[in-house]
Amino acid sequence: MKYPAVLSFADILPELDGFDAIIDVRSEGEFALDHLPGAINCPVLKDEERERVGTLYKQVNAFEAKKVGAALVARNIAEHLETRFSDKPRDWKPLVYCWRGGNRSGAMAHILAKVGWPAIQLDGGYKAYRAHVSAALDNPPELAWRVICGTTGSGKSRLLETLDALGAQVLDLERLAAHRGSVLGHLPHAPQPTQKMFESRIWDTLRRFDPQRPLFVESESKKVGNLRVPDAVMERMRGAPCIALALSRRNRVRLLMEDYQHFACDPQALNGQLDHLAQLHGRAKIDAWHALANRGAMPELVEQLLVEHYDPAYLRSIDRNFVQYGQARVLELDDIAPGDFARAAQTLHAA
5 MKYPAVLSFA DILPELDGFD AIIDVRSEGE FALDHLPGAI NCPVLKDEER
55 ERVGTLYKQV NAFEAKKVGA ALVARNIAEH LETRFSDKPR DWKPLVYCWR
105 GGNRSGAMAH ILAKVGWPAI QLDGGYKAYR AHVSAALDNP PELAWRVICG
155 TTGSGKSRLL ETLDALGAQV LDLERLAAHR GSVLGHLPHA PQPTQKMFES
205 RIWDTLRRFD PQRPLFVESE SKKVGNLRVP DAVMERMRGA PCIALALSRR
255 NRVRLLMEDY QHFACDPQAL NGQLDHLAQL HGRAKIDAWH ALANRGAMPE
305 LVEQLLVEHY DPAYLRSIDR NFVQYGQARV LELDDIAPGD FARAAQTLHA
355 A
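Under my numbering, the first residue of the sequence shown carries the number 5, and numbering increases by one thereafter.
Treat the hints as calculated values from the structure; they're not laboratory data.
Please note that a few of the clues may not be correct.
[As the list claims (entries may be wrong)] Result set (DMTMM-like, lysine to aspartate or glutamate): computed pairs, CA atoms no more than 20 Å apart in a straight line: (1) LYS50 with GLU34; (2) LYS97 with GLU86; (3) LYS6 with GLU19; (4) LYS92 with ASP21; (5) LYS70 with GLU55; (6) LYS131 with GLU34; (7) LYS6 with ASP95; (8) LYS226 with ASP176; (9) LYS227 with ASP142; (10) LYS226 with ASP127; (11) LYS92 with ASP24; (12) LYS6 with ASP24; (13) LYS118 with GLU86; (14) LYS227 with ASP323; (15) LYS200 with ASP279; (16) LYS97 with GLU19; (17) LYS6 with ASP127.
[Said to hold, decoys possible] Pairwise CB distance ranges (calculated): (18) GLY343 with GLN272: 32 to 42 Å; (19) THR198 with ASP168: 17 to 27 Å; (20) GLU165 with GLU239: 22 to 32 Å; (21) SER252 with ALA36: 42 to 52 Å; (22) LYS92 with ARG254: 54 to 64 Å; (23) THR198 with SER252: 34 to 44 Å; (24) GLU19 with ARG217: 17 to 27 Å; (25) ALA273 with LYS71: 43 to 53 Å; (26) PRO195 with GLU165: 17 to 27 Å.
Cβ atoms here follow ideal geometry from the backbone N, Cα and C, with glycine treated the same way.
Make the full structure from the sequences, and use the hints.
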């Protein structure tokens with residue numbers, strides 16, 4: 005094969021995990037919005053440089069823009085060669101892509117190939133990758149979906165984490181979305197990814213699964229925080245067999261107190277989130293919950309939220325949205341210690 009080789013995403017996909025590096029040469033801002041799984045960002049035009057070249061293109065002409073852009077691209081590629089790539093051996097195999105598979109990735113791939121590395125350039129760039137992801141999520145693979153159901157605080161996320169640690173196939177949408185999936189689900193210091201990044205994470209997880217083995221997922225709603233679960237993935241989940249996780253209310257309160265400790269330390273932030281429920285419960289109820297938060301009566305507040313908000317909402321939606329919930333296998337947890345979740349996970353993993 006002559007290098008740099010320019011290949012389609014369909015040709016690259018079977019070998020995607022075999023590259024020594026996946027190099028995204030787009031700007032930092034483009035990379036942050038979404039990128040191929042495992043890619044590293046090595047811009048050949050940084051954000052401010054890309055803006056400068058674009059302005060020249062619009063206000064002067066393409067020739068002047070290309071002259072300035074070429075100098076910047078050459079300088080940035082040289083920097084990457086002298087730093088990030090300087091220790092790479094002769095057989096180092098990189099995949100290079102940009103937005104459309106044009107000038108930026110072509111320049112990087114050409115120079116890497118001239119050095120002697122077997123560089124591959126993605127034809128169509130990120131746009132080709134994104135088109136593949138969108139099509140794949142419009143028609144998810146036929147997998148043996150198993151939906152973990154249960155009221156808020158019953159330990160669904162902990163069970164998924166334990167199953168994952170055992171080697172089971174797990175699609176943890178809340179982890180991929182960096183959100184716990186409720187009005188109080190925002191994770192401090194962990195912003196949610198973009199919608200496109202969320203979809204990339206889902207696609208990358210699903211593509212690795214064996215259709216002969218069960219896939220465990222939580223009974224999420226259509227939105228996880230600000231992000232939307234792709235419609236076809238939602239349809240697969242809602243038609244799948246269910247497992248009903250059961251835990252006493254006392255233990256659910258304990259579990260939620262552990263998972264939401266950050267709110268106990270910051271009642272102002274908690275009250276700000278509770279304000280979103282005012283339309284459902286009225287101002288008087290929200291003010292009463294604010295008072296509990298302000299005086300540190302967190303167990304009482306959590307129990308009231310379960311009884312008056314979360315449990316009724318769950319019961320209204322679960323039968324309607326998950327068609328096999330009426331035949332769900334019940335899995336009871338005695339407590340919330342790691343051993344309790346390990347035994348539950350082993351039961352499911354062995355089935």
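These are the hints, each one checked on the structure:
With a C-alpha separation of about 10 Å, the suggested pairing of LYS50 with GLU34 holds against the 20 Å cut-off. Distance hint between LYS97 and GLU86 is fulfilled; the C-alpha atoms sit about 17 Å from each other, no more than 20 Å. Taking the CA atoms of LYS6 and GLU19, the gap is about 17 Å. The hint holds against a cut of 20 Å. A C-alpha spacing of about 18 Å is found between LYS92 and ASP21, which places the hinted pair at or below 20 Å, so the restraint holds.
For the hint linking LYS70 to GLU55, the alpha-carbon distance of about 13 Å falls within 20 Å, and the restraint holds. Restraint check: the Cα-Cα separation between LYS131 and GLU34 comes to about 12 Å, which is no more than 20 Å; the hinted pair holds. Restraint check for LYS6 and ASP95: satisfied, since their Cα atoms lie roughly 14 Å apart, inside the 20 Å limit. As the CA atoms of LYS226 and ASP176 are separated by approximately 14 Å, the hinted pair is consistent with the 20 Å bound.
Between LYS227 and ASP142 the CA atoms are separated by roughly 17 Å; this keeps the pair inside 20 Å, and the hint holds. A distance of roughly 34 Å separates the Cα atoms of LYS226 and ASP127; the hinted pair therefore is violated under the 20 Å criterion. With a C-alpha separation of about 10 Å, the suggested pair LYS92 and ASP24 falls inside the 20 Å cut-off, and the hint holds. With a C-alpha separation of about 18 Å, the suggested pair LYS6 and ASP24 falls inside the 20 Å cut-off, and the hint holds.
For the suggested pair LYS118 and GLU86, the alpha carbons sit about 15 Å apart, so the restraint of at most 20 Å is met. The hinted pair formed by LYS227 and ASP323 meets the criterion: a straight-line CA distance of about 18 Å does not exceed 20 Å. Note on LYS200 and ASP279: the hinted pairing is violated, with a Cα-Cα distance of about 29 Å set against a maximum of 20 Å. Only pairs whose Cα atoms come within 20 Å are accepted, and LYS97 paired with GLU19 is accepted, the gap being roughly 11 Å.
For the suggested pair LYS6 and ASP127, the alpha carbons sit about 15 Å apart, so the restraint of at most 20 Å is met. Between GLY343 and GLN272 the beta carbon distance is about 36 Å. The supplied range of 32 to 42 Å therefore holds. Restraint check, THR198 to ASP168: a C-beta distance of roughly 24 Å satisfies the suggested window 17 to 27 Å. A C-beta distance of roughly 25 Å is found between GLU165 and GLU239, which places it inside the suggested range of 22 to 32 Å.
Our hint of 42 to 52 Å for SER252 and ALA36 holds, since their Cβ atoms are close to 43 Å apart. Hint check: LYS92 to ARG254, Cβ distance near 57 Å, so the stated range 54 to 64 Å holds. With their beta carbons about 39 Å apart, THR198 and SER252 fall inside the hinted range of 34 to 44 Å. In this structure the hint that GLU19 and ARG217 lie 17 to 27 Å apart at CB holds, the actual value being about 24 Å.
With their beta carbons about 52 Å apart, ALA273 and LYS71 fall inside the hinted range of 43 to 53 Å. The given range of 17 to 27 Å is respected by PRO195 and GLU165, whose C-beta atoms sit roughly 21 Å from each other.
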